[in-house]
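There are 2 protein chains.
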Amino acid sequence: MRYDLYYWPTIQGRGEFVRLALEEAGAAYVDVCRRGDSGVSAMLKMMAATTGTPSFAPPFLKSGKLVIGQTANILFYLGGRHGLAPATESGRLWLHQLQLTIADLVAEVHDTHHPIGVSLYYEDQKSAAKQRSKEFWAERAPKYLGYFERVLAASGAAFVNGRKVSTVDLSLFQVVDGLRYAFPKRMAKFERKIPKLIALHDKVAERPNIAAYLASDRRIPFNEDGIFRHYKALDR
Amino acid sequence: MRYDLYYWPTIQGRGEFVRLALEEAGAAYVDVCRRGDSGVSAMLKMMAATTGTPSFAPPFLKSGKLVIGQTANILFYLGGRHGLAPATESGRLWLHQLQLTIADLVAEVHDTHHPIGVSLYYEDQKSAAKQRSKEFWAERAPKYLGYFERVLAASGAAFVNGRKVSTVDLSLFQVVDGLRYAFPKRMAKFERKIPKLIALHDKVAERPNIAAYLASDRRIPFNEDGIFRHYKALDR
Numbered sequence: 001m002r003y004d005l006y007y008w009p010t011i012q013g014r015g016e017f018v019r020l021a022l023e024e025a026g027a028a029y030v031d032v033c034r035r036g037d038s039g040v041s042a043m044l045k046m047m048a049a050t051t052g053t054p055s056f057a058p059p060f061l062k063s064g065k066l067v068i069g070q071t072a073n074i075l076f077y078l079g080g081r082h083g084l085a086p087a088t089e090s091g092r093l094w095l096h097q098l099q100l101t102i103a104d105l106v107a108e109v110h111d112t113h114h115p116i117g118v119s120l121y122y123e124d125q126k127s128a129a130k131q132r133s134k135e136f137w138a139e140r141a142p143k144y145l146g147y148f149e150r151v152l153a154a155s156g157a158a159f160v161n162g163r164k165v166s167t168v169d170l171s172l173f174q175v176v177d178g179l180r181y182a183f184p185k186r187m188a189k190f191e192r193k194i195p196k197l198i199a200l201h202d203k204v205a206e207r208p209n210i211a212a213y214l215a216s217d218r219r220i221p222f223n224e225d226g227i228f229r230h231y232k233a234l235d236r
Numbered sequence: 001m002r003y004d005l006y007y008w009p010t011i012q013g014r015g016e017f018v019r020l021a022l023e024e025a026g027a028a029y030v031d032v033c034r035r036g037d038s039g040v041s042a043m044l045k046m047m048a049a050t051t052g053t054p055s056f057a058p059p060f061l062k063s064g065k066l067v068i069g070q071t072a073n074i075l076f077y078l079g080g081r082h083g084l085a086p087a088t089e090s091g092r093l094w095l096h097q098l099q100l101t102i103a104d105l106v107a108e109v110h111d112t113h114h115p116i117g118v119s120l121y122y123e124d125q126k127s128a129a130k131q132r133s134k135e136f137w138a139e140r141a142p143k144y145l146g147y148f149e150r151v152l153a154a155s156g157a158a159f160v161n162g163r164k165v166s167t168v169d170l171s172l173f174q175v176v177d178g179l180r181y182a183f184p185k186r187m188a189k190f191e192r193k194i195p196k197l198i199a200l201h202d203k204v205a206e207r208p209n210i211a212a213y214l215a216s217d218r219r220i221p222f223n224e225d226g227i228f229r230h231y232k233a234l235d236r
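Protein sequence lines correspond, in order, to chains A and B.
Just so it is clear: in the first sequence, position 105 is 105 by the numbering used here, and no numbers are missing.
Just so it is clear: in the second sequence, position 150 is 150 by the numbering used here, and no numbers are missing.
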């Protein structure tokens, strides 16, 4: 069965966490909005729907009659269908807990460049963004990344659940990749503290389906409209 | 079976969304940290664990051998066990999607008073907090609350899923209650735009288990350490 993914066509953003899961699974999917403006119109129309399960924001995924919103919810669904999550209830709850913690981290990364609000330009909140980025790297990044490093140490293998890759591992790859893009100087200094996360990143990047995806034009390059943005002033 | 809830003892915070579900369900639970300092020590020790399923942050819930973290994940679990969620997969995914959208809203409410970072005092980020609160009420609150108002209109009944209360309805009660506490002036002006949400709030407050809970000392009063904080400077 084919999935339809609805997400903004010019950024990785939160949609990328879903794309990585679909690619790893080798699932048939259409990235609807990348087919042209009619895709974006269709997406906005679905979000404005007064029946069904409209999303507050993209990404959302159409799977048969289901339309599923919220990134972590989509990954919960896909993980169960494509062997990217454990089969037991306890295992699925734990994986989802980690996925939701990644969602929190991603929201905080976004706020490093937009601490005041999404309707204002970065340039109009640059001073607050500098403060928030400083705080993020002093307090939050070490706490979050240290947490995942500890989870990997406890797993005793390459991935959070052992030797089998999960949606969370794919998402952690994206977090490391994104932080490297957005904060190259800070990450270069910080990476020695998270060797297991870096090894996970490299291991995910080498997986055949992911490697093929990253080399394709389906992978949108990082840019300054997404979550992970590179601004020199924030990377000191 | 008795649940053990681990959360900070002096605030409603994110723990309150779990407390409301447990209270509505009439579930037996211990609010561990409210039993004294040894509870907080136990909580911190569990968060630092190198085995099992340690949480990045409270709340987390112990249910038999399971230890479940992340508010929405806990509610997903409790909803399924206590009839506070639909039984079908599609119904559960939709409810969880709404729950995760509430989690996003709650994080944005928190950032109205802490836009720069949690390790700094409000007083040290007051100017940015004023800007963020203004932005929140100009853009974000109307968008989020308008979305839930639309979901309630589509449901055609008192609650998001029809006539049966769910974890999401309990959480929406808390959102309205919290916004009234934190932003009384702004909410007084805004409430006429969200009549269905206000009606839902009142209906939840009247439910016997919830009414008893709200009148008890188990309900911690709102204060300026939680998510919903009242600062006059932000409520104009």
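Do not rely on the hints blindly, as some may be mistaken.
[Unchecked claim] The calculated lysine-lysine pairs, modelled on DSS-like cross-linking and capped at a C-alpha distance of 30 Å, are:
(1) B:Lys193 to B:Lys203
(2) B:Lys143 to A:Lys164
(3) A:Lys143 to B:Lys196
(4) A:Lys134 to B:Lys193
(5) B:Lys45 to A:Lys62
(6) A:Lys126 to B:Lys193
(7) A:Lys143 to B:Lys189
(8) B:Lys164 to B:Lys203
(9) B:Lys232 to A:Lys130
(10) B:Lys196 to B:Lys185
(11) A:Lys193 to A:Lys134
(12) A:Lys232 to A:Lys203
(13) B:Lys130 to B:Lys62
Calculated from the structure, these hints are not laboratory results.
| query | Given the proposed pairing of Lys45 of chain B with Lys62 of chain A, does the C-alpha separation stay at or below 30 Å? | reply | 42 Å, violated
| field | Agreement of Lys232 of chain B and Lys130 of chain A with the hint, judged by alpha carbon distance not exceeding 30 Å | value | Between Lys232 of chain B and Lys130 of chain A the Cα gap is close to 27 Å, so the pair holds against 30 Å.
| query | Would the pair Lys143 of chain A and Lys196 of chain B pass a check requiring their Cα atoms to be no farther apart than 30 Å? | reply | 40 Å, violated
| When you check the alpha-carbon spacing of Lys164 of chain B and Lys203 of chain B, does it fall within 30 Å? | Holds, at roughly 12 Å.
| message | Run the distance test for Lys196 of chain B versus Lys185 of chain B: straight-line Cα separation, threshold 30 Å. | response | Distance of about 20 Å is within 30 Å: holds.
| Given the hint that Lys126 of chain A pairs with Lys193 of chain B, does the C-alpha gap stay at or below 30 Å? | 33 Å, violated
| task | Compare the distance between the alpha carbons of Lys134 of chain A and Lys193 of chain B with 30 Å, and conclude whether the hinted pair is satisfied. | result | 39 Å, violated
| said: Run the distance test for Lys232 of chain A versus Lys203 of chain A: straight-line Cα separation, threshold 30 Å. | reply: 29 Å, holds
| message | Please verify whether Lys143 of chain A and Lys189 of chain B have alpha carbons no more than 30 Å apart. | response | 39 Å, violated
| said: For Lys143 of chain B and Lys164 of chain A, compute the direct alpha-carbon distance and say whether it is at most 30 Å. | reply: The given pair, whose Cα atoms are some 40 Å apart, is violated under the 30 Å limit.
| Within 30 Å, alpha carbon to alpha carbon, are Lys193 of chain A and Lys134 of chain A? | OK: Lys193 of chain A and Lys134 of chain A at ~18 Å, within 30 Å.
| said: Check whether the Cα positions of Lys193 of chain B and Lys203 of chain B lie no farther apart than 30 Å. | reply: Holds, at roughly 18 Å.
Hints 2, 3, 4, 5, 6, 7 and 13 from the list above are not met by this structure, while the remaining hints are.
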